Amino acid sequence: DAKTTQPPSMDCAEGRAANLPCNHSTISGNEYVYWYRQIHSQGPQYIIHGLKNNETNEMASLIITEDRKSSTLILPHATLRDTAVYYCIVRAPSGNTPLVFGKGTRLSVIA
Amino acid sequence: NAGVTQTPKFRILKIGQSMTLQCTQDMNHNYMYWYRQDPGMGLKLIYYSVGAGITDKGEVPNGYNVSRSTTEDFPLRLELAAPSQTSVYFCASSYSWVGQGRDIQYFGAGTRLSVL
Chain X
1 DAKTTQPPSM
11 DCAEGRAANL
21 PCNHSTISGN
31 EYVYWYRQIH
41 SQGPQYIIHG
51 LKNNETNEMA
61 SLIITEDRKS
71 STLILPHATL
81 RDTAVYYCIV
91 RAPSGNTPLV
101 FGKGTRLSVI
111 A
Chain P
1 NAGVTQTPKF
11 RILKIGQSMT
21 LQCTQDMNHN
31 YMYWYRQDPG
41 MGLKLIYYSV
51 GAGITDKGEV
61 PNGYNVSRST
71 TEDFPLRLEL
81 AAPSQTSVYF
91 CASSYSWVGQ
101 GRDIQYFGAG
111 TRLSVL
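Listed in order, the protein sequences are those of chains X and P.
If you're matching positions, the first sequence starts at 1 in the numbering used here and goes up one per residue.
If you're matching positions, the second sequence starts at 1 in the numbering used here and goes up one per residue.
Since the hints were derived computationally from the structure, they do not count as laboratory data.
There may be inaccurate statements among the hints.
To be verified - Within a straight-line C-alpha distance of at most 30 Å, the following computed DSSO-like cross-link-like pairs (lysine-lysine) qualify:
| no. | chain 1 | residue 1 | chain 2 | residue 2 |
| --- | --- | --- | --- | --- |
| 1 | X | 103 | P | 44 |
| 2 | P | 9 | P | 44 |
| 3 | X | 103 | P | 57 |
| 4 | X | 52 | X | 103 |
Stated by the list, open to error - Computed beta-carbon distance windows for the label pairs:
| no. | chain 1 | residue 1 | chain 2 | residue 2 | range |
| --- | --- | --- | --- | --- | --- |
| 5 | P | 116 | X | 77 | 19 to 29 Å |
| 6 | X | 77 | P | 39 | 41 to 51 Å |
| 7 | P | 18 | X | 53 | 48 to 58 Å |
| 8 | P | 2 | X | 39 | 34 to 44 Å |
In this text the structure is predicted, and so the values were computed from the model without any measurement.
The C-beta atom is built at its ideal place from N, Cα and C for all residues, glycine as well.
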C-alpha cells in the first residue's frame with residue numbers, strides 16, 4: 001500500500017501557482033519523497049525528489065516540512081500542459097525498492 | 001536517445017492466448033520494471049529485475065513471467081490470457097545512485113492490452 005495521502009483532485013487557474021500537498025506521516029529517516037506525474041495515460045514522468053531540504057529544478061519546487069511528515073509540490077506558473085495526475089511516493093533510495101503508486105492527485109489547469 | 005521502448009502499442013487477445021510484451025532500453029540501466037495500470041487506478045508492480053539474469057516478483061505477479069537475458073531487454077510473458085489482464089502495461093528502467101536517492105525511473109509509452 002502507498003505510504004502517502006493526497007487529495008483526489010485539484011483545480012488551478014492557468015498562470016497561477018499549483019500547490020499539491022502530500023501527507024507521509026510514517027516516513028522513515030532514510031526515505032526520500034519522489035514526485036512523478038502522468039499526462040493523459042502516457043508513461044509516468046519524474047518531476048523532483050528530496051530528503052529533507054527544499055529542492056527546486058526546472059519543472060517544480062518541493063517543500064518538505066521540518067518533521068518530514070508532509071510535503072508540497074509547487075508548479076510556479078501552471079500551464080494547460082501541466083494537467084495530469086501527480087503521484088507523491090515515499091521510498092528508500094534503492095533499486096530493489098520499487099515505486100509504489102497510489103491514486104495520486106488529478107490536477108486540472110483551467111484557462 | 002530512444003529511452004525505453006515498448007512494443008506493441010496496442011493488442012487484442014482472445015482468452016487463453018499467449019503473448020510477449022517487449023521492452024528495451026538504451027540507457028544502460030541496471031534496473032528494469034513492469035507495471036500494470038487498470039482504469040482510474042495507480043500503477044501496480046508486476047515484476048522487476050536488478051540486472052541480467054536476476055528477476056523478482058512485485059505486487060501482482062500471478063499470470064505473468066519475465067526473463068532478463070541482457071541489460072537492454074526485459075520481456076513480459078502472458079501465458080494464458082484472462083479478461084482480468086486487460087490493462088495498460090508500462091515498462092520502466094533506472095540506474096540506482098543509492099547515496100543520493102537518485103534512483104529515477106524512466107517509463108515507456110505503454111502497451112494497451114484487451115483480453116476478450
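The hints, checked one at a time:
no.	hint	result
1	X:103 with P:44	holds, 11 Å
2	P:9 with P:44	holds, 19 Å
3	X:103 with P:57	holds, 22 Å
4	X:52 with X:103	holds, 24 Å
5	P:116 with X:77: 19 to 29 Å	violated, 45 Å
6	X:77 with P:39: 41 to 51 Å	violated, 31 Å
7	P:18 with X:53: 48 to 58 Å	holds, 49 Å
8	P:2 with X:39: 34 to 44 Å	violated, 19 Å
In this structure, the earlier hints numbered 5, 6 and 8 are contradicted, and the remaining ones agree with it.
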